[in-house]
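Heads up: the sequence shown runs through residues 1 to 163, numbered per the numbering used here.
No lab work stands behind these hints, which were simulated from the structure alone. Don't take each hint at face value.
[Unchecked claim] Under the rule of at most 30 Å between Cα atoms (straight-line distance), these lysine-lysine pairs were calculated in the DSSO-like manner: (1) LYS40 - LYS76; (2) LYS125 - LYS76; (3) LYS121 - LYS131; (4) LYS121 - LYS40.
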Amino acid sequence: MDNTIINILCLILLFVGILGTFLPVLPGLLLSICGLLIYKFGTDADLPMIYIWAFGILTAASVVLSYVIPAKTNRKYGGTRWGSIGSVIGTIVGIFIPIPLGFLIGMFAGVFIGELLHDSKDMNKALQSTKGAFIGFIYGTGFSFVVGVAMFLVVLLNMFDII
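Working from the sequences, and respecting the hints, build out all of it.
Below, the structure is given as structure tokens:
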């Protein structure tokens, strides 16, 4: 296959991967890492392996952090362990609910319900905890977005022999 076609395919995968960092219907960084790997091993690119390893580690970290950061920021905003557990359970359940943004709705509902199960009289605390989970989601999404853009730029710069 022609290198130009492979390069275009790689850039499309990387770009769609960036979109997927904030659009939950797309697998995000997994598409980006596929684009990076196809570029490295499907063309005659001289991209150093350190980029593959670094982005592989950052992608794995992003997957873990998407679950951990909202749970941690939930606690920073006064949430309890109940809210943190609710966050993880809600996210997982939300993935399987066939509605747009199901995982996100599930995460917030999980935090809120978890906090209300812990203390049903303090709705303000449950709302603050949910706010913390939202802020954590923004942090995690931002991290994934930056990693995706960095992958795209590394491939683009390598295509033009800048790096």
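How the hints compare with the structure:
| no. | hint | result |
| --- | --- | --- |
| 1 | LYS40 - LYS76 | violated (41 Å) |
| 2 | LYS125 - LYS76 | holds (12 Å) |
| 3 | LYS121 - LYS131 | holds (18 Å) |
| 4 | LYS121 - LYS40 | violated (56 Å) |
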